[in-house]
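*Asks:* Read top to bottom, the protein sequences are chains A and B. Heads up, the first sequence stops at 120 in our numbering, and the numbers go up one at a time, no gaps. Heads up, the second sequence stops at 129 in our numbering, and the numbers go up one at a time, no gaps.
Since the hints were made in silico from the structure, they are not lab data. Built from N, CA and C at the ideal position, the CB exists for glycine as well. Among the hints, erroneous ones may be present.
Some chain B residues close to chain A (C-beta under 8 Å, calculated; not the full set) [unchecked claim]: (1) Thr39; (2) Glu55; (3) Gly56; (4) Leu59; (5) Thr78; (6) Gly116; (7) Leu117; (8) Phe119; (9) Lys121.
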Amino acid sequence: SQTIHQWPATLVQPVGSPLSLECTVEGTSNPNLYWYRQAAGRGLQLLFYSVGIGQISSEVPQNLSASRPQDRQFILSSKKLLLSDSGFYLCAWSGLFVTGELFFGEGSRLTVL
Amino acid sequence: GNSVTQMEGPVTLSEEAFLTINCTYTATGYPSLFWYVQYPGEGLQLLLKATKADDKGSNKGFEATYRKETTSFHLEKGSVQVSDSAVYFCALSEYVSAGGADGLTFGKGTHLIIQP
């Protein structure tokens, strides 16, 4: 069966410091991968998605970037964090030729102080 | 563009009460529809789905029927439990082509609180 993991689960970082959140999927090949952010109001914002290695699409201009160095690995990064980057970050995957549902990781809580 | 509208709550009910969370959508084509549930501090879990008009998705006592004529996908449960307390998200997916990475369009979530 397929599983998705992301880490770290919780992170407290000072303003201006770098960020790296990692996500890996197991049990499937060529997944579509996504990063969402959930801010205090509970809404979900799509940040990035990827259909393959090295292919990244950005939905919202921001202080963040994403990379996909391997088929089942998706990384969210920042060179210098802002206070507004605080939130709950969710990685998700979907397969091909299915009805479009996403499967989410456990989430990473980022607090920028 | 696509959009999903749902009541934000919080919705507070007593245990064993009947639950309805309304969800309506706007889409240009024929989307698939989903309900996700998020427990405190966790990621989203797929609760149920429906892929075409008049389909009924069901899971764990929850049900939702895809109503194309009213563009709705309301979530219902006959008798809620304290353990159902969570945030519920309605979402749609409109795959333009196989392998498309459009992701999901989410509603803002409904916070459900069940009191004993």
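*Asks:* Looking back at the hints listed earlier, which ones does the structure fail to meet?
*Replies:* 1 and 5
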